Amino acid sequence: MNAIWSETMHPGGKWSGIIGKGKMIRLTAVEPGANVSMLMYHARDLTERYNMPDTLKAQHTAHLTKGNVLMSDNGRAMASIVHDDLGWHDPLGGYTTRAGTDSKYGASRYQESRNDWLRSGQENLAVELVRNGLGDRDMAPVVNWFSKVFCDEEGNMLFAGNHCAAGTTVTLRLEMDVLLILSNTPHPLDPQEVYPSVPIKIEVLPAVQIDSADYCVNFRPENRRAFDNTWTYYALQD
Amino acid sequence: MLKAFHRVESPRNPEAAVYDKVIPAGEGWMYELQPGQVLRIVDLEGNQAADTLFYDADHPEDHYSAVRTFNAQSNIYLTTGSTLLAESGKELAAIVADTCGRHDTLGGSCSSQSNTVRYAHEKGHMHNCRDTFMLELAKHPEGHRYAKRDLSPNINFFMNVPVTPEGGLTFEDGVSGPGCYVELQSKCHSMVLISNCPQLNNPCNAYNPTPVQVLIWNE
Ligand SMILES: [Zn+2]
Numbered sequence: 001m002n003a004i005w006s007e008t009m010h011p012g013g014k015w016s017g018i019i020g021k022g023k024m025i026r027l028t029a030v031e032p033g034a035n036v037s038m039l040m041y042h043a044r045d046l047t048e049r050y051n052m053p054d055t056l057k058a059q060h061t062a063h064l065t066k067g068n069v070l071m072s073d074n075g076r077a078m079a080s081i082v083h084d085d086l087g088w089h090d091p092l093g094g095y096t097t098r099a100g101t102d103s104k105y106g107a108s109r110y111q112e113s114r115n116d117w118l119r120s121g122q123e124n125l126a127v128e129l130v131r132n133g134l135g136d137r138d139m140a141p142v143v144n145w146f147s148k149v150f151c152d153e154e155g156n157m158l159f160a161g162n163h164c165a166a167g168t169t170v171t172l173r174l175e176m177d178v179l180l181i182l183s184n185t186p187h188p189l190d191p192q193e194v195y196p197s198v199p200i201k202i203e204v205l206p207a208v209q210i211d212s213a214d215y216c217v218n219f220r221p222e223n224r225r226a227f228d229n230t231w232t233y234y235a236l237q238d
Numbered sequence: 001m002l003k004a005f006h007r008v009e010s011p012r013n014p015e016a017a018v019y020d021k022v023i024p025a026g027e028g029w030m031y032e033l034q035p036g037q038v039l040r041i042v043d044l045e046g047n048q049a050a051d052t053l054f055y056d057a058d059h060p061e062d063h064y065s066a067v068r069t070f071n072a073q074s075n076i077y078l079t080t081g082s083t084l085l086a087e088s089g090k091e092l093a094a095i096v097a098d099t100c101g102r103h104d105t106l107g108g109s110c111s112s113q114s115n116t117v118r119y120a121h122e123k124g125h126m127h128n129c130r131d132t133f134m135l136e137l138a139k140h141p142e143g144h145r146y147a148k149r150d151l152s153p154n155i156n157f158f159m160n161v162p163v164t165p166e167g168g169l170t171f172e173d174g175v176s177g178p179g180c181y182v183e184l185q186s187k188c189h190s191m192v193l194i195s196n197c198p199q200l201n202n203p204c205n206a207y208n209p210t211p212v213q214v215l216i217w218n219e
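Protein chains in written order, with UniProt numbering: chain W, 1 to 238; chain F, 1 to 219.
None of these hints come from the bench; they were simulated from the model.
Keep in mind that this is a model prediction, so the values were computed, not measured.
C-beta: ideal position from N, C-alpha, C; glycine also.
Simulated crosslink set (DSS-like; lysine-lysine; CA at most 27 Å straight-line):
no.	chain 1	residue 1	chain 2	residue 2
1	F	Lys148	W	Lys21
2	F	Lys187	F	Lys139
3	F	Lys139	F	Lys123
4	W	Lys104	F	Lys90
5	W	Lys66	W	Lys201
6	F	Lys139	F	Lys21
Which stretches of chain W does chain F cover? Using the computed rule of at least three CB atoms under 8 Å from a CB of chain F, they are:
no.	region
7	51 to 58
8	61 to 67
9	81 to 93
10	136 to 147
11	150 to 162
12	223 to 237
For reference, chain W alone in the conformation it holds in the complex (with noise of 0.2 Å):
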């Protein structure tokens, strides 16, 4: 399927925007050990977003795979994983912030090293917020793709090295129209001592018509029951 639109992110870069339902969004990792962070909100209310403890409590689970969707606070499937490569995507771990990146990184400001200087998480999320009429408040737990944190039966979050090869790629299917918000920085429990540095392809693909014996609608019973949230909001809608 050719894609409608890409663009590669720079390491440290960001983007935003509204994709349409039923439209698809492929990222591609170009180089191994990439972190992509991600908040989503609903394009036509915006106080609709997605919710982690909703989506782990429905779906049981502490990781983002193929089949899982990902829900909103108002019980709706916002976006659905028709296609993974790497089995594990982290939506625990959080974003880079910038006193956390100075002091692992070292501190960079963009007087010495103009756009050389390693940009966090937390500063490109807020930007992208504030960009689309949100703010500091609207701040939530993040999807990580490409990455994987683990916990041991106390609870101790462990970070899996070398998870994500070049060349993976996760793929989204849109349920609602959605204001996507990426920062391409790395994973806060990363414990490389080196900033990663890897660029990451998006595209956006054509929209796809859902059938009743789609993988993501069957995956579990929830699943089924906030697909039809979603569609008897589109139905009132349309």
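Start from chain W and add chain F with the ligand according to the hints.
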């Protein structure tokens, strides 16, 4: 798994508390704490869930952040020694005593909409925590400073929601019991918002929501 639980008793005497209130099952509570004040939440009958949010009351747009909190301690559970952080990184409160030993940061609150997803479409009418949060905002003189967008993923005191090394999320009960409590010392003017969960679909509370008690001391 119980071996990891960390029990720390409080030296505080309930008779010296400056505030004492029972929150019945299914009701809410919104209250501003002064810096240094200590809040105790008591699970009176055991295995109840106190869904709780904290805000910087001077800057209500800065809400408790589950992710900042568990990232800072590299552990997803809360107990004595955990500091609750706001989205800005500001310290809101610290857990100073805990006889339950583990509290959930991941499960969030129940809502009418999530009940339709988790249980059945017919469960949408049932009483739920997010409605309680919003009713508290509607009733409170300062509630206009908060909105639905400020209802970030909350803490579930007395709940155990273990994550397995394989990435599963499970719901277990039995970590709390009658009289178990948690104590938090406020690090700023903090606004506390509690929904004493009315969930009737989840076996964690044996389908029987029960009251919690809140006590406050001046330090
Ligand atoms: Zn509840």
